[in-house]
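K.L.:
Each chain, written out:
Number of protein chains: 2
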Amino acid sequence: MLCVARCVARRPSRMSQRPPARPGDPIDAIETPALVLDLDAFDANLQAMAGATRDPAVRLRPHAKSHKCPDIAKRQLALGAVGVCCQKTDEALAFIEAGVRDVLVTNEVVGPAKLARLAAAAAVARIGVLADTELGVRLAAEAAAQAGTSLDLYVEVDVGAHRCGVAPEAAAPLAQSIAAHASLRFAGLHCYHGGAQHLRSDAEREAAIAAAGAVARRARDDVRARGLDCPVVTGAGTGTFVHERDSGVWNELQPGSYVFMDADYGRNVPGGRDVRFAQALFVLASVMSVPAADRAICDAGLKAFSLDSGLPVVHERAGLQYTKASDEHGVLGVDRDARRVDLGERLLIVPGHCDPTVNLYDWIVGLRHARVECVWPIAARGALA
Amino acid sequence: MLCVARCVARRPSRMSQRPPARPGDPIDAIETPALVLDLDAFDANLQAMAGATRDPAVRLRPHAKSHKCPDIAKRQLALGAVGVCCQKTDEALAFIEAGVRDVLVTNEVVGPAKLARLAAAAAVARIGVLADTELGVRLAAEAAAQAGTSLDLYVEVDVGAHRCGVAPEAAAPLAQSIAAHASLRFAGLHCYHGGAQHLRSDAEREAAIAAAGAVARRARDDVRARGLDCPVVTGAGTGTFVHERDSGVWNELQPGSYVFMDADYGRNVPGGRDVRFAQALFVLASVMSVPAADRAICDAGLKAFSLDSGLPVVHERAGLQYTKASDEHGVLGVDRDARRVDLGERLLIVPGHCDPTVNLYDWIVGLRHARVECVWPIAARGALA
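Quick note, the sequences are listed as chains F and Y, same order. Oh and the first sequence: position 296 is 296 in this note's numbering, straight run, nothing missing. For any residue, its number in this note's numbering is found by taking its place in the second sequence, counting from 1, and adding 385.
Isolated chain F (complex conformation) (with noise of 0.2 angstroms):
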């Protein structure tokens, strides 16, 4: 009684949903919307990564936002990653807890909760965090020091995107003010151009990449002619990486949609470097009114596919296509001389976007052979703080 009155106090009722399958149903007797992996599809960008960062001298740290599952994060470790990147406290943490040891938070953190809980994960596992204020150095070292650990402290500097982030020729001063704290260590650059991730000839992309290493290369110079270490220079992102992999500047990449894909991904044109990544993340859907001869009703809306870079894609089935969403409705256009459509028929759509779409769901199907091989939670989904 007292357990379950504990469990309950921690977890209240129905704050999870219900995993959609289990493993060994087949594809049919998924419930719909449920997000569903091709693991073939996965396996491969998986292995197509880590062949594109064979070099040691360039360490790969997948982005776990887009996935926040440490079922994927642990096969990503166990075919080289050095670590994971997170963005927000909490999703890290749901990493440490799930057995990560190696996380960088890609953000500035300034809240005093969150630093101390990473200080106090950092007993555990080794954690960086990003700065690009001297009272974010100082807040950030006052929270290891009252933990009685370290944090790896990078700075942040704007090499395009602007978003957050120092010119170039404030960063050694920052790294200066970090390596004075005995509570931090001076970890190196995060330099990420967001911007550039999705230009879509290759030509605009590697241009882009080219002014962005320039300002990372001034910074980093910078910091060494001051007498410190720059022992890291991260960033980069699935649009660029190889850009960024073949530039002489950056030393560790974190690309992190590879291992999905998406509609806004697939519009990207590969240039000849370019690592060709599958679609492995999908909607499933069911139809669930055919009021029209051009018209279908699935039973995925707005709050199962994030619109934010466009509408969701019907995925192999010629002559449909997802013309609108409201909250818990997608409005499919049919084509005159498309295949009919039947009431309950399930649909593959890829989204528009992966990571917040996948921060809709609480599970992720893994499908290899029209077969669910796994149910993997997406533990970190929510942890906005």
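Keep in mind that a hint or two might mislead.
Partial list, computed: chain F residues near chain Y (C-beta under 10 angstroms) [stated by the list, open to error]:
1. GLN87
2. ASN107
3. ASP264
4. ASN268
5. VAL269
6. VAL331
7. PRO356
To list a few chain Y residues with every Cβ distance to chain F over 10 angstroms, as calculated [claimed, not checked]:
8. ARG407
9. ARG486
10. ARG511
11. GLY521
12. GLU554
13. GLY633
14. ARG652
15. ALA678
16. GLY704
17. ALA723
18. PRO741
Footprint (simulated), chain F over chain Y, 3 or more residues, beta carbon under 8 angstroms [unchecked claim]:
19. 416-425
20. 463-476
21. 493-507
22. 586-595
23. 669-677
24. 688-695
Everything labelled a hint here was simulated from the structure, so no lab data went into it. Every residue, glycine too, gets a C-beta built ideally from N, C-alpha and C.
Chain F is fixed; fit chain Y onto it per the hints.
P.N.:
This is chain Y only, laid out in the frame that chain F set:
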């Protein structure tokens, strides 16, 4: 030991996030980003809706898809609502598990497993569901017969939304099919015009609902002409409900967003009969970087707001605009004459669209006079099936 094993099996580690605050905490102790509710505004909205639906001839059945929170549903029921609406099977079950005893699923449900769950729940609650095909009717009848229970079936009529639903002339034959099944009860017509809710002028909304009402009336009269009772004509949303209420056709109203409101509803220009609801829902965010005089970055991005109906809006902080979101960052434009933005400063931000934003959070923090009064679980968060 057995008990722990069972709990863990049911609720794996970290699938629910920690509450961002505790009752009694000051607002500054809430971890961000958090979903917060101004309880004075919320209470006023509940009272205003109760006042506007006092006529017993027109029942209020608020839509719980907006809040997904049994604590809110119970307050609506205490003020006279006859039950709640839900959109999804598992959403309905979350409310039934929490004690709600009258739920209308305002959606076609054609999956046999879902219908079986609803039919089983009909042993303890009154459950309605929609149909727009003979097949849907037959599947519901079989599920209820199998469970030894009875389901209320409503025919969905397309009154202008062009989503699901039958044409008005097809409603009466389908109603007859429903009435012919011993395990079903023909409960009425579902006539919801989603597209009318955000028409900006009252004249447009009034005209849209007048047209929808003519369609609904025709369907209802057809049903009656076949000798069937048509107990309920149900529909309406926060944007138009005064028009359905006064139409003489609808006798049940389903508004949902009125408890919270959002930036998109805030753009509707109210008409003479409209009830003014106050903005009660906010995301509390923190500034985590101030990299330039004209730019600040907060910790609430795409995973903290649904952007489908436009960007969120900074509340009562002159000179700050939320201009861009990435997954975990919100970019704020800072006007030249704005008060200085400090690292760690907290901002209340109005979501563009309340329903899918609420679905991103595990908890809603109720505030009164800048102090946390309650922390309610969003029990049906992520209830996709």
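K.L.:
So, for every hint listed, does it hold in this structure?
P.N.:
The hints, checked one at a time:
Hint status for GLN87 (chain F): holds, given a least beta-carbon distance of 4 angstroms to chain Y, under 10 angstroms. For ASN107 (chain F), the suggested interface contact is upheld, since its CB lies about 7 angstroms from the closest CB of chain Y, less than 10 angstroms. Using the Cβ-Cβ criterion of 10 angstroms, the hint placing ASP264 (chain F) at the interface with chain Y is not satisfied: the shortest such distance is roughly 12 angstroms. With a cut of 10 angstroms, the hint placing ASN268 (chain F) at the interface with chain Y is violated, because the nearest CB-to-CB distance is about 17 angstroms.
Contact between VAL269 (chain F) and chain Y, as hinted, is not supported at the beta carbon level, the nearest pair being about 23 angstroms apart and thus beyond 10 angstroms. With its C-beta approaching chain Y no nearer than about 6 angstroms, VAL331 (chain F) sits inside the 10 angstroms limit, and its interface hint holds. Contact between PRO356 (chain F) and chain Y, as hinted, is supported at the beta carbon level, the nearest pair being about 5 angstroms apart and thus within 10 angstroms. Taking the minimum C-beta to C-beta distance to chain F, about 12 angstroms, the non-interface status of ARG407 (chain Y) holds against the 10 angstroms cut.
The Cβ of ARG486 (chain Y) sits about 16 angstroms from the closest Cβ of chain F, beyond the 10 angstroms cut-off, so the non-interface label holds. The beta carbon of ARG511 (chain Y) is kept farther than 10 angstroms from every beta carbon of chain F, the shortest such distance being approximately 20 angstroms. Some Cβ of chain F comes within 10 angstroms of the Cβ of GLY521 (chain Y); the nearest lies about 7 angstroms off, and the non-interface call is violated. The claim that GLU554 (chain Y) is not at the interface with chain F holds, since no C-beta of that chain comes within 10 angstroms of its own (minimum 14 angstroms).
Here GLY633 (chain Y) stays apart from chain F, with its beta-carbon at least about 27 angstroms from theirs, past the 10 angstroms limit. Non-interface status of ARG652 (chain Y) relative to chain F is upheld: no Cβ of that chain comes within 10 angstroms, the nearest being about 18 angstroms off. With a closest Cβ-Cβ approach of about 13 angstroms to chain F, ALA678 (chain Y) is found to remain outside the 10 angstroms limit, as its non-interface label requires. The beta carbon of GLY704 (chain Y) is kept farther than 10 angstroms from every beta carbon of chain F, the shortest such distance being approximately 19 angstroms.
With a closest Cβ-Cβ approach of about 19 angstroms to chain F, ALA723 (chain Y) is found to remain outside the 10 angstroms limit, as its non-interface label requires. A beta-carbon of chain F comes within 10 angstroms of the beta-carbon of PRO741 (chain Y); the shortest separation is about 5 angstroms. Under the rule that three or more residues need a Cβ within less than 8 angstroms of chain F, the assignment of the segment 416-425 of chain Y holds, with 4 such residues. Residues of the segment 463-476 of chain Y with a Cβ under 8 angstroms from some Cβ of chain F number 3, which satisfies the need for three, so the listed coverage holds.
Check on the segment 493-507 of chain Y: 6 of its residues sit with their Cβ under 8 angstroms from a Cβ of chain F, so the three-residue criterion for coverage holds. With 0 residues carrying a beta carbon less than 8 angstroms from a beta carbon of chain F, the segment 586-595 of chain Y misses the three-residue requirement, and the given coverage is violated. Counting residues of the segment 669-677 of chain Y whose C-beta lies closer than 8 angstroms to any C-beta of chain F gives 5; at least three are required, and the coverage claim holds. Only residues whose C-beta sits within less than 8 angstroms of a C-beta in chain F count toward coverage, and the segment 688-695 of chain Y has 5 of them, enough to reach three; the restraint holds.
Going down the numbered hints, you'll see the structure goes against 3, 4, 5, 11, 18, 22, while the others check out.
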